[in-house]
Amino acid sequence: MHGSHATGSPYAPHTDAERSRMLEEVGAESVEDLFDIPAAVEFDGEFGIDARSERETRRLVRSILGRNDDLTELLGRGHYGYYVPSLVDHLADRSEFLTSYTQYQPEVSQGFLQALFEYQSLLVELTGLEVANCSMYDAATALGEAATLAERVRDTTGYRVLVPDLLLEGRRSTLENYVAGTDLAVEAYPTDDANVDLAALEDLIDEECVMVYAENPTVRGTIEEGLESVGDLAAENDALFVLGSDPIALSVLQRPADVGADVVVGDASVLGLPTSYGMGLGLFATTEDYLRQVPGRLVGASEDATDRRAYTLTLQTREQHIRRERATSNICTNQAWVALRTAMHAAYLGPSGMVDLANRGVTRAADLAERLDDIVGVKAPVHDRHHLREFVVRIDQPAPAIAADLEKRGFAVHVLGDHAIQVCVAGVPDERLERFVAAFEEVVR
Amino acid sequence: MHGSHATGSPYAPHTDAERSRMLEEVGAESVEDLFDIPAAVEFDGEFGIDARSERETRRLVRSILGRNDDLTELLGRGHYGYYVPSLVDHLADRSEFLTSYTQYQPEVSQGFLQALFEYQSLLVELTGLEVANCSMYDAATALGEAATLAERVRDTTGYRVLVPDLLLEGRRSTLENYVAGTDLAVEAYPTDDANVDLAALEDLIDEECVMVYAENPTVRGTIEEGLESVGDLAAENDALFVLGSDPIALSVLQRPADVGADVVVGDASVLGLPTSYGMGLGLFATTEDYLRQVPGRLVGASEDATDRRAYTLTLQTREQHIRRERATSNICTNQAWVALRTAMHAAYLGPSGMVDLANRGVTRAADLAERLDDIVGVKAPVHDRHHLREFVVRIDQPAPAIAADLEKRGFAVHVLGDHAIQVCVAGVPDERLERFVAAFEEVVR
Amino acid sequence: QYEPLLSEKDLTRVEIGGADATDETGDDAESPLPDDLTRGSLELPELSEPELARHYTRLSQMIYGIDSGPYPLGSCTMKYNPKFTEDVAALPTAAVHPDRSERSIQGTLELLYRLQDYLGRIGGMDAVTLQPPAGAAGEFVGIRVAAAYHEHNGEGHRDEVIVPESAHGTNFASAALGGYDVVALPSDDDGRVDLEALEAALSENTAALMLTNPNTLGLFERDIEEIAAMVHDVGGLLYYDGANLNALLGRARPGDMGFDVMHYNVHKTFATPHGGGGPGAGPVGVVEDLAPFLPAPRVREGGTSKSGDPTYELFDPEQTIGKVHGYQGNWLVLVKAFAYIARLGDEGLADASAKAVLNANYLASRIEYDVPYEPFHHEFVASAGDQDAADVAKRMLDYGVHPPTTKWPEIVPEALMTEPTEVEGEDTLDRLAAAFNAVAAEDDATLEAAPDRTTARRIDQTSAARSPRLSWQALEEE
Amino acid sequence: QYEPLLSEKDLTRVEIGGADATDETGDDAESPLPDDLTRGSLELPELSEPELARHYTRLSQMIYGIDSGPYPLGSCTMKYNPKFTEDVAALPTAAVHPDRSERSIQGTLELLYRLQDYLGRIGGMDAVTLQPPAGAAGEFVGIRVAAAYHEHNGEGHRDEVIVPESAHGTNFASAALGGYDVVALPSDDDGRVDLEALEAALSENTAALMLTNPNTLGLFERDIEEIAAMVHDVGGLLYYDGANLNALLGRARPGDMGFDVMHYNVHKTFATPHGGGGPGAGPVGVVEDLAPFLPAPRVREGGTSKSGDPTYELFDPEQTIGKVHGYQGNWLVLVKAFAYIARLGDEGLADASAKAVLNANYLASRIEYDVPYEPFHHEFVASAGDQDAADVAKRMLDYGVHPPTTKWPEIVPEALMTEPTEVEGEDTLDRLAAAFNAVAAEDDATLEAAPDRTTARRIDQTSAARSPRLSWQALEEE
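Protein chains in written order, with this note's numbering: chain A, 1 to 445; chain B, 1 to 445; chain C, 1 to 478; chain D, 1 to 478.
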């Protein structure tokens, strides 16, 4: 019954007669009798939240979210707004995918398990590492998990975790929380023109280091040029080399396995999700050596009783529901459905589409930088590096005021400092970039 | 491959290598060799239509449709904007429903056949007639089909088809086209204060009449008060009594079978479709007597080889693909998917929800009329009748100008004449009606 | 496995008139209408949203759709339906009432105008109406336009429409609905129009010849120029049934072949979903002489808006036949068709035809059934030979594929009319061929017992028709 | 039936570096980056949209979801997920970047603020963070907040967290991740917290006690006030694991019971879809004293806009522990949770709990397995007795229903932990009970051979773990 006079949950199907029969069956006078709550802690039920019809609720949310301005976002720094093909929404929204639980009964979950197996395989190809789990929450928590992995697998007295000084605050802070219960300590190493300062890193690193973290591209959009050296330094000091990246970048940039990475983390939802206020998908891949120390869920191939190929969650003894306080992580619910979407989007693009998207991230960023650089009082890019998707712009005028002006003209950019902003081309149509350049010329004039 | 450089159909999966292998298999050098088109009628392929990416195409359509003004529509007259619950979209959009063909292979179409069988059953309950088909295009074409049915089943020399003088032009014109190939002639009978003028009808009707058509509610939203008499007059003159209505009206108004209707037509998409520029769902129900003369598709229950209940299209010898020029109609593709949506929406509401929605159509219309009537220079409703959903308003000022003013304030109404408009409450939230009254007061001031 | 009818899950009776009201009906007991204007009660299922979600999910699982696998129904053009076209049709701005003022729905009018233009270009036609809600409705419009044209020219005596024996059943029925006598035309030995028979059939009473090209055997009517001349010579019109247009996109246009009027099946050629039997859309294009007779209203450019964009308006063609639909047809379907054409463009459309023809030829070369007529284009008609084509189809279901159209056109004994469309790749075609060939090797008993791997086994059609049970009410009476 | 891996359908190698470029890569051969910064090639499936649509449609058909039937997984609260919540999360206005200026995303901030408020009311908590992306992440935040609180009070020596033996595994793991020693607490004979054991476990080293209430047996911890007093007396904090909150909505609030900190599982209690294992969201509520330690940022009202509406702003709590997610958690999930709560309101939420408890009691009364502990609320734990609970579950699959959670909590031998939730009606519960009872009557051999009516038969877990094959690359090497 869905009329306006329904007062209970619209999703509980019981008719009054049905409820009466059921109460009789259980031998209770009323539903209240079934609750065993001491009077002292009983609550009167008045939250003060009004019920609404479905339509009113939709209007409410539409009205609230309607307060968000409609801006063209030239924003990146770890969260990107690539176009997600319609196919992904339509297929991922099939209720079998959307509403099922973790695949603890694999015999009725083969479809999801296969999709996650394919997701893992995608990451194996992208990273060159042998093992990828089927998701963490996001790049920041994946980084935190990498540090706890480092602590478990590094049989030393080491405690130092080295990260770039430019590391995003959200990632650094999350990492700090993840290692708060350990003896690990996070330290920043210097960067040089946005990339790893190899000389400085060499000075800093020692055998107390259990992990060195670098990102490619860096938070400023630059492409690292000395990752093999970082890998060598880490290996020489028996530290894990953890590399942060994402599936689009990994489509063309140096393969992590080739530069000695032991773990790859990052946000895989650059494929599969539109901008969603930071909701993400933690990518986590590592070498076979650490297989039994991997956090999170793994899907493996097996056979069923008729010897046909079948998939199942495996190595579950690593996990919290079995190993409890000795688990490799506390993660339970992860981001499976986002991983499904990422796998779908990657399959839609195919390798040539992914490479193309990455390469266009290089060329379009370079083109935009060149056009901005032509403007008086503007230097772009600030860093003398190759860039993917985004770059820093120095402006003579105060950056916050310029950004506010741009916002009034419909564009959002990152403010990095008093005279620096960062802009990103990912997902922004050419025609919008044209208009951005025009708007930019106006506001810095 | 979905990159921007794909030049063929994005929905043809062939790789170049695949195409070569296939050509080799068929023994052709190129695809061109497979076409057997005389040079004289060959076309160069240049339509002058640009290809676009999926995203660009979406943006194009969004941009074009963005030119539609966002108005609150107080519009009805046969096409209504009731709220369609989200459930309907999500379930009807499952690709098995959306993309399947007519159920010529019932063994792999049981789900759709059952849904259509349920739709037919819904109409049987609503009309009280024994037979409902599983859709015509819309109310107008269903009316046309009713006339050709009348011609087939009325074994007389009759030719007259009587319709109300207020009949919507789209329905009247469509009916004229449907009978253009027959000896039938359409004539209007007078209405009295919007309803059937029984005395006039009695004068007009004779044995040359094969069909009398009435609507309940009428196009002006009034509820008929003498339908039994219309039924009696038709029966006495051996004419079919065809009644136009819709599922919401039928939920509470007199049951067509009880007033002697032989055929019920109308638009069933008042449930299941939002306003969609007139796209509809032709309702068609009749008595068992005319079963083998029914136009369109029928789903019947049967058994399969294991004696389990199964559904199938039945009585197909009535249809064009078998009977050709002696078919009961030329209809082939119908509105099956809309019928599915209507059945879903009706099931969602349930009988109490449907009755509630209809009753609120009576009370909310009366309330609005009363409030408008309070305004100086305004009379509402014009007709001294019970109304469902909508009513006519007389205004002292020129109606076209008032309607244009209302449009500027965000409201669309029907202009009926120099000093009359018609307004409809169906699907309009209370709060919008409040604002409409305020706007109305302003514009007629 | 069996999913109960909604009525078998729940059937709730709601009393309606105030006088009959009982306590059970609660707040709704009070009817705002007098009893003599209302019915007594309403008895329908009353289920919750979760129950309905499961019901319809389960029903959907008992349906083979285009996303389930190949769907080679000849003459039906079962293409993949791009997902994004659903999104554009679902835009809130597409939800407008047909009685809105023209100035307030410029977006809708612009889209219709652009689609009229696209279709005109694709068919080589001068004017297009988007009103017909399906292919058969398009045929009927064509017939009515022809009638009005002849009437206007003082030739109202023309009372015959010629239709090839192999044509779609709707051609016959649409002509008959228009009041015409249908003259059936046999094929020649090559499966095409028999020119001598045509000559014999044509007369001063000929209103029109309805043709499909390629015809239902997939053969291009090579004599089309001569046919057009013959029809025009006796004052008749040439009608193009657009069901097979997917074979010709970008390679030939009906308008260039001499056709005067045509319909387009957007749910075939332009990939709008079939929806289990509709809604489709059947726009009609005509040459200039026939434009004045098209249904009303159509859309044209009007003036220019303040921002410099063109504005659009509705207009009634001067000699319009009036309307064939209460409003403007299946709007939401037209939006999807527009999006499809705008996505593919010239090259995509031509490529679709090329691959559709390649696929048909490839598939035919891989199957063991005989294909008597060629060179075919986007579809071919194989013969099941000694087997019963309907049984072949049932058995193919057991191999997990959808069978072709069967037993039609009758020109081929035990016809298997097969149209793979461009959306299948080599591997799927091979799988489909394997299914054909597996069935070809099986005996009649196996075929007659089929299907046995489907949701329902072979369904008894005879008893369904002999004692029709068309509602749950009918079942309850048993 | 078998659906090939994408890699088995196609595996295309694309060369990347300019130097390695071959003709096959066409226009993309030209890499805009120097070779030493790029990889050599990328080898992944390259399939068309129709092929992918079929692949994922087929995969979906091999999954049991909430729209497939009852899903009585104990402790998982598998409710029906209202369809409309997907629509609101898909609104274009919801798609914003996390680095947008606060003034440009007032809608997002308002929704978050309102959800904080809703959750505070529902839990009886003073302050809420929405950042944790899942329940376990919420637990970790609770643990970190407790640690920061104790540290701030100069009690950094507290290094123990007490967790009942019957608690969710995440409690143990989250406490351990926070650096705490976990002290496991046995249950008393009635299945509740053993107060004597608790007394023994509590000390000046106790940082917190983590409790689920009702506990995993569905039993309300009747001594909750005393428990709270005992924990508080030693200076510890009381943590509420929100996994079972669906039992109490509108009838009791953790804040009123003396809990200091809690998490909410919105994908359980507030019906956001589980998505095959996430994303969920695990907001954390705390009493006033702990509010300064919550993660940064949170949302609060700022000033008033020109139109008179309140404006919202982000702020960092004074003693914040920082962040536990790169941004603000699973935003799209939070939108759905907000919509669910706004739809149901006070009465709907209370009714959900009432029917959830009624359903559990009804189902338990209909099954033949023994249910040793009561009075339970929204879930109960039956014992499979001599049968193996895991085998019971496998066999239930053959009856077309999803089985309960098995073998846990270990306090019940061969546990069948069953939570039907409020969305099932009498008929579905009867069907579920029939499945339980049918299996109860079967012999071990039948159970061990199960399932045999599912897509895959019983899967070999041992060999999967012994020789892990975790990618198609690993399969290809074989």
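Treat the hints with care, as some may be off.
[As the list claims (entries may be wrong)] In silico DSS-like pairs for lysine-lysine, Cα to Cα no more than 25 Å straight-line: (1) K407/D <-> K408/A; (2) K408/B <-> K379/B; (3) K379/A <-> K408/A; (4) K408/B <-> K9/C.
FYI, nobody ran anything at the bench for these hints, they're computed from the structure.
To see whether the hints hold, each was checked on the structure:
no.: 1; hint: K407/D <-> K408/A; result: violated (59 Å)
no.: 2; hint: K408/B <-> K379/B; result: holds (23 Å)
no.: 3; hint: K379/A <-> K408/A; result: holds (22 Å)
no.: 4; hint: K408/B <-> K9/C; result: violated (49 Å)
The structure is inconsistent with the numbered hints 1, 4, although it conforms to all the rest.
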